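Quick note, the sequences are listed as chains A and B, same order.
Read in order, the letters of the first sequence correspond to residues 1 to 462 in full-length UniProt numbering.
Read in order, the letters of the second sequence correspond to residues 1 to 462 in full-length UniProt numbering.
Keep in mind the hints are simulated off the structure, nothing from the lab.
Values in this document were obtained by computation on a predicted structure and should not be read as measured data.
Any given hint could be a false lead.
Since the list can't tell identical chains apart, any single copy or any two copies may satisfy a pair.
[Stated by the list, open to error] Here are the simulated DMTMM-like cross-link-like pairs (lysine to aspartate or glutamate), alpha carbons at most 20 Å apart as the crow flies: (1) K215 to D285; (2) K215 to D163; (3) K439 to D174; (4) K215 to E244.
There are 2 protein chains.
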Amino acid sequence: MSNEALVTRLREHLGKAAVLTDSDVTDAYSRDMMPLASAGKPLAVVLPSDVEGVQAVVKACAEFGVPIVPRGAGSGLSGAANAIDGCVMLVLTKLDQVVEIDAANRLAVVQPGVVNLDFRNAVEKHGLFYPPDPSSYDWCTIGGNLSTNAGGLCCVKYGVTTDSVLGLEVVLADGSVLKTGRRTVKGVAGYDLARLFVGSEGTLGVITQATVALKPLPQLPSTFVAGFSSTEAAGEAVARVVREGLVPSLLEIMDATSIKAAETYLKTDVGAGTDCKALLLAQSDSGGEVARRELAALEQICVDCGADLAYATDDLEEGKMLLQVRRVVLTALELYGVWLTDDVCVPRTRIAELIAGCERISEEVGLRIAVVGHAGDGNMHPTIVYAPDSEDEFARAQKAFDAILDVSLSLGGTVTGEHGIGRIKREWLAKEIGEVGLKVHRQIKQALDPGNLFNPGSMFSL
Amino acid sequence: MSNEALVTRLREHLGKAAVLTDSDVTDAYSRDMMPLASAGKPLAVVLPSDVEGVQAVVKACAEFGVPIVPRGAGSGLSGAANAIDGCVMLVLTKLDQVVEIDAANRLAVVQPGVVNLDFRNAVEKHGLFYPPDPSSYDWCTIGGNLSTNAGGLCCVKYGVTTDSVLGLEVVLADGSVLKTGRRTVKGVAGYDLARLFVGSEGTLGVITQATVALKPLPQLPSTFVAGFSSTEAAGEAVARVVREGLVPSLLEIMDATSIKAAETYLKTDVGAGTDCKALLLAQSDSGGEVARRELAALEQICVDCGADLAYATDDLEEGKMLLQVRRVVLTALELYGVWLTDDVCVPRTRIAELIAGCERISEEVGLRIAVVGHAGDGNMHPTIVYAPDSEDEFARAQKAFDAILDVSLSLGGTVTGEHGIGRIKREWLAKEIGEVGLKVHRQIKQALDPGNLFNPGSMFSL
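Bound-form chain A, shown alone (with noise of 0.2 Å):
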């Protein structure tokens, strides 16, 4: 059976325009975010808009024995989403309902198209929240956030994607649809399926809906920020809050280097006068005197570990204007280069160790690396700067990538907290479970998906 029998099936299920062959087009469909990531041409790039549509696509795959790439809106930043040669790009973009919104219940009802940061909007005007917001949540796409299991900022309070899936619509890979999961707060009828399939990266099945639990809508946030004069203190001030049970809906961590970044951008001095080689930032959505004790507290901590800067405000503006020192630093590295981010995530008393380890790493291969992070969640994002026209930069990026995973394995940590594994990391997942870990993940491949059409080689290969 042809490929051009297959484009035909495949027109006459969701019509013409759902269907592109255009490889100008298809071009723009063929990878993520991820510079590392290798990406192959696709045969074509459907966009079905329900899930009969979805169906339509895995079944005539299944039948030419063609692979199927899922993808949402291409912000991954693991090469998960990226086309291998010859595969069905299935983009889940047009899936881009809010089915329900059960404000008594406290739950939505969502398609997988749906940007992330819509869905906020949508669910906050019932005076609900739904927390996992991803640093690209102006754009990603609540599909990509289930495959990946994505995190984001306030993971530290409320967790990552899977902590408020409560069920699922899946395509299977013979076509039939999976409903699993419940739309009650618990329940324990059968296996856990649903966070078997969130953070699967798109190799098991196709998610065509998901229901979510939500949270009330948090006080606004009031903010704080510590400066201090080794990454040391500023790890020893993390672990402490840890260790003393504070709980603040953002913890962040920046180092010397992103300071410096941040600072040349913003054409600011964020130690104000101090010698800044670490800075944290806080959020408390406690509200009120809550929130002024919570940071309080965290003061008093930042303070006892030597910082020599440290400033709370419940001032909304103020408070944004001090994490964007935060938002920028990405933006602000593209004044030295490319750059090229990593993930880990090490236990939360080892990230001073991990910082020490990066600057180690970038002296070794004589690249700018800056560390941004989750603090409070151990999940740093060491990130290498890069000439964009220097094949040799590149290569040694490459390797501060992976001298980077190893650290982090070293310290107890894994090789992602939530970026995913996708066609970069393979070998590092291997490293990081084993080979008894890597047979069960065959095993469950395998019982699912056993023609292996679904993202094949993304996260392990057969």
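Chain A is already provided as a structure; the job is to place chain B on it using the hints.
Showing chain B alone in chain A's frame:
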């Protein structure tokens, strides 16, 4: 290969004292606390004391083709730990070590045989809190909690067992040891296998160790009670608590039948002179002014919904006395006969409808049904009382048990909120998850346990 040869092999590996075959002794291990489930005669009961012992049992049973039923303390309420004829009962109570408490990273490593309460006490010494608190917490084990994904009273604020799990060690069907998950708060390296094994009721592998996240120790609880002249009013109050975003650390409901039983048993007037048909009991563990504010908000909602009685206290002893009314219900019901407790979970707006359904069923079958439950989660335990010596009443109790599940499904609920499917709700699992859901369950079971030796026939049949 004979049964004797298997017993000899098991004794070689575990020592004589850890392999029991005297039927007087093995009978004591052959069933859990659910009277509806039948129990077979085990070939042997084995009590290994380390992971190597568990591996030896699994390998020997695989070689001899003998099924294994893993078991903790036997406090289960679904028959999931009941013997099947000729099986080896794999009792995990000798793996009873708290391996590590890492207070700085707020995590612990624990073996399955540790009693829930002992574990709570161990981490409390470090100022830490392990939330899952099933009613049997003073004798159930962590392994059973993991296998059933146990809940409890504090789920409304802190989630169920799976929400605390970071990683697991599991002995697989071929005797190999899987280490899955991590010690970090976040991590997306590979499938979420830990949460697949949690709640799988011993059908996929034998959990020999868990790494769990701990919470800061909460403040001492303040307690609130409200009495209503109708369940509708109490149900409306629960719905409003959810809608207004209040998150108490406990929110329990009692219907008229359970109130009357408790009153008779405790020789007290729960309603303090009012015509009390439904009771809400709540706690806040936020401490001080915050707790007072949370309970005041609760009180306002209850008064708005027509409560005849509303009372809050931050006196610990008084709070315990108030909660005692809830805690004695099952014991109090023994005044009337023996009981059979059901376990359903409905959307939190449908609690009053569920109670009304139970009242209807009670009239139909002519048996007393008392409804108590975790109102904050919608997780209800309608408890049917019948005469111990009446086969007819037992048959009607079974009929009521099923009718309650039917009502729960019709209200958009699930057939089990926290007790599990086990051997008593298999056909109900099929009804709830449907053919496709069952197909995926079987695919996963066959992939991980191709010989179908782990607790075969529990949850579903192949």
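Okay, the hints, checked on the actual structure:
| no. | hint | in the structure |
| --- | --- | --- |
| 1 | K215 to D285 | both (13 Å within a copy, 19 Å between copies) |
| 2 | K215 to D163 | both (11 Å within a copy, 16 Å between copies) |
| 3 | K439 to D174 | between (23 Å within a copy, 11 Å between copies) |
| 4 | K215 to E244 | between (25 Å within a copy, 10 Å between copies) |
In summary, this structure violates none of the numbered hints.
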